[in-house]
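Chemist: Read top to bottom, the protein sequences are chains A and B.
Note that the numbering used here has the first sequence beginning at 5, numbered continuously upward.
Note that the numbering used here has the second sequence beginning at 5, numbered continuously upward.
For the record, the hints were derived by calculation from the structure and aren't laboratory data.
A couple of the hints might just be wrong.
A pair holds if it fits inside one copy or across any two, identical chains being indistinguishable in the list.
Quick list of in silico lysine-lysine cross-link-like pairs, DSSO-like style, CA-CA up to 30 Å [claimed, not checked]: (1) Lys307 / Lys154; (2) Lys353 / Lys400; (3) Lys378 / Lys154; (4) Lys312 / Lys353; (5) Lys400 / Lys307; (6) Lys353 / Lys245; (7) Lys245 / Lys307; (8) Lys400 / Lys253; (9) Lys341 / Lys400; (10) Lys245 / Lys400; (11) Lys64 / Lys341.
Protein chains: 2
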Amino acid sequence: MNVPGLDHLLTLLRFPSVSTDSRHDGDTRACAEWLRAHLTGLGLQAELHETPGHPILVAKNAHRPGRRTVLLYGHYDVQPAEPLNEWRTPAFEPTIQEGRIFCRGATDNKGQLMAHVQGLSETLAAQAELPVNLTILFEGEEEIGSPNLKPFLEAHRDLLACDVVAISDTGMVAEGVGTFTYGLRGIACLEAIVRGPTIDLHSGIFGGAVANPCTMVGRLAASLHDAEGRVLIPGFYEAVKPLAEWERKAWAELGDGADETLELTGAPQLFGEPGYTERERRWARPTAEVNGIGGGYQGEGSKTVIGKEAFLKLSFRLVPDQDPDQILDLAAAYLEKQLPPAVRLEIRKGHTGSAYLMDPHSDLGRAAQRALEKTFGGQVALIREGGSIPIVQAFKEALGADTLLLGLALPDCQAHAPNENFPIANFIAGARLNQVLLEELR
Amino acid sequence: MNVPGLDHLLTLLRFPSVSTDSRHDGDTRACAEWLRAHLTGLGLQAELHETPGHPILVAKNAHRPGRRTVLLYGHYDVQPAEPLNEWRTPAFEPTIQEGRIFCRGATDNKGQLMAHVQGLSETLAAQAELPVNLTILFEGEEEIGSPNLKPFLEAHRDLLACDVVAISDTGMVAEGVGTFTYGLRGIACLEAIVRGPTIDLHSGIFGGAVANPCTMVGRLAASLHDAEGRVLIPGFYEAVKPLAEWERKAWAELGDGADETLELTGAPQLFGEPGYTERERRWARPTAEVNGIGGGYQGEGSKTVIGKEAFLKLSFRLVPDQDPDQILDLAAAYLEKQLPPAVRLEIRKGHTGSAYLMDPHSDLGRAAQRALEKTFGGQVALIREGGSIPIVQAFKEALGADTLLLGLALPDCQAHAPNENFPIANFIAGARLNQVLLEELR
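Isolated chain A, as found in the complex (with noise of 0.2 Å):
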């Protein structure tokens, strides 16, 4: 198959570049460096920034005044590729089967990556110069929460001063249909710690007498929702605004989702706040989740004991102008709250992150809708997604940057998953997608 470009991908997902594992150190770093080798390759200026972690991969053409900054974000690290009796070709070997490369990084992010790489190739090739003036910020630790990353923005704000950034990093609703993400959930974390007796106890010697916190911790979770799924929290609706008509209008027309999230999930049925789609319910309503709930036996068969505490590990999904510690603020006392002084509850706040919305509609928005519609034809796709991108906000804090979402991800690459992949097709659409996108962007 005589891609452009195509050879350069498969070398970089060779590396089994998976960053939290610190065998895979090596790797990791050899990796990097063979980016910033093809980048010099290309013409740019291209160099590895150390951190405590895994390198920051700079690069720029020569910037000259009076032409738009924009910084071209992705990473090189993978998630790890366990559990490896599950995918039916290497995980670090890219094996091309029906159009598709099947490897651990295809999609997220090495073929994005390269997409975005090739694109600049291209274009350097045609016409020996970019229409803009470009920073390409490859990074290494995306997959365990970029703990190097703010602090690099901080201490580079010269160095990476933009106008925007473009991020190919999400999804597209169907094969050809070019998306524009325009908005993203924000994030508040919160563990709960229920403790009753200071031992565990016999449950047919002190059943009865005490207040048992599985009990309790089961109290607190079925007290975060109606039965309906609405949130019981006072005040946590407070600052969340209607969806624009236009918007529930272009996701209407998107088609129904719930028959793929029901394919996706392999949920019974599907179950959610009252009142709005699937897809509203993903994309744009406030969400409270338990992610993990404990305490007591963990065994198999039975153990008749009253466990001395459990837990309840707690995520909410913020939308526009809710403020994550408002929010924690207003679970913590809601929870507290809910229990007798028979138990004793901790409150423990964890990471918080904002939602990310920008105007689809504004300048940059319309100079990516335009460049989407190049590449893919037809009506762009005008999305928000429901996860949280905390690098989206940190660009915008450090660096005042908008962030372009021009995710080229199908809702079955399997991302973090076994058998992760990704269509050639996109690769090629990617490529062609970032020249046009610097054109737009001029």
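Given chain A, work out where chain B should sit, using these hints.
Modeler: Only chain B this time, still in chain A's reference frame:
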């Protein structure tokens, strides 16, 4: 210290007869062999019966027609000693401090078992003959649920035929207060497994659109009780008879048990079904307890996942006239109703055992109380206990015999815990109790 029989008890305690740990199988057998030899030395016909597990020791005097037959039950196996670093003296080297013997098994059950044996020894030394037909049944698997005892009872009904069973394996309400336990709660166990999606989901991407199994097990746990602790399962209390006035009065005269329970459990406050005292709740009211709850992320910090399934392990403590199997049916039907069709519920029914209650004012009950009075002086405490001793029900079913529970353990004897101990005074009293009891049962 010259306490008759104490040396024999110390010898018995030095066998680390941990029935659950196969590395101690040799010690456990040696312990049984020593006991057999010791009983033979007293002039009893003693024999070890092999089982698929640890051997059962049966010993008898010469039975003569026309006398009452009394079966003494005890167990020579012990709980594991771990955590070893919490012991102040070696776990299997009996150490006497402040009038108590510290050793694993000191109170549960070797100290109480040897009190029986020492009583027999003294009677036989004094009058060469016991006042009753005696059958001793000592097993080595009580701490692992007596898996081979019930089949043994059923296979040896003639060998073990008796008029009454006596056991010293329960507690005394306080030091020096003779205590007769005439009731035990029953048990019924159940596990509920809630399944939603077929894979763990990203709670950002899918949160809001599917039912979360962790939330749903919380809902199940919370549905079991009202805010004050009454069980809400329809029909749960239907067969429950009110407590007799005499027993409420008798228990109230034992003094307020709240302070002791607060001290033993370390709970911030007591909590339970309104309208009943702390003792009534533990001894004579049925309960529903969550013994274990779990689902989703169990590690440190946060992981934004919607787990595909979650579980709830329940046990019910039951009182006389509640049918354990019917209670499980009622519970299963009730739990099923708490969940939306967006999740699936699997119910796994576990082991059950009926409550035990004998009439303390019957001939046998009064004989036991006279023995306690003559041993300890003062008023005998008539109590029930909250735990379940399935073998008591097994004796009733296989042999048709009631059981006299004449416990010698104090609340701070630390059965099953580090620093288990047994007061030498209780050993001496127990030996005397055994002599008087056989006289009273003559």
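Chemist: 30 Å Cα cut-off: does Lys341 pair with Lys400 within a copy, between copies, both or neither?
Modeler: neither (37 Å within a copy, 48 Å between copies)
Chemist: 30 Å Cα cut-off: does Lys400 pair with Lys253 within a copy, between copies, both or neither?
Modeler: For Lys400 and Lys253, the Cα distance is within 30 Å only inside one copy (28 Å; across copies 72 Å).
Chemist: Taking 30 Å as the upper bound on the Cα-Cα distance, should Lys353 and Lys245 be classified as within, between, both, or neither?
Modeler: within (25 Å within a copy, 48 Å between copies)
Chemist: At most 30 Å between alpha carbons: which applies to Lys245 and Lys400, within, between, both or neither?
Modeler: Close inside one copy (21 Å), not across copies (68 Å); limit 30 Å.
Chemist: What label fits Lys64 with Lys341 when the C-alpha limit is 30 Å: within, between, both, or neither?
Modeler: Neither. Shortest intra-copy (55 Å) and inter-copy (62 Å) distances fail the 30 Å Cα cut-off.
Chemist: Check Lys307 against Lys154 for me: Cα-Cα at most 30 Å, and say if that holds within a copy, between copies, both or neither.
Modeler: Result: close only across copies, 20 Å inter versus 47 Å intra.
Chemist: Within a copy, between copies, both or neither: where do Lys400 and Lys307 come within 30 Å Cα-Cα?
Modeler: For Lys400 and Lys307, only the inter-copy Cα distance (25 Å) is at most 30 Å; the intra-copy one is 52 Å.
Chemist: Given identical chains, is Lys245 near Lys307, meaning Cα to Cα at most 30 Å, within a copy, between copies, both, or neither?
Modeler: So Lys245 and Lys307 pass the 30 Å test across copies only (28 Å; inside, 49 Å).
Chemist: 30 Å Cα cut-off: does Lys378 pair with Lys154 within a copy, between copies, both or neither?
Modeler: Classified as neither; 34 Å inside a copy, 80 Å across copies.
Chemist: Quick one: Lys353 to Lys400, C-alpha cut-off 30 Å, is that within a copy, between copies, both, or neither?
Modeler: Answer is within: at 24 Å inside a copy they meet the 30 Å cutoff, but 55 Å across does not.
Chemist: Within a copy, between copies, both or neither: which one fits Lys312 and Lys353 at a CA-CA cutoff of 30 Å?
Modeler: both (22 Å within a copy, 25 Å between copies)
Comparing the model with each earlier hint shows violations of hints 3, 9 and 11; every other hint is respected.
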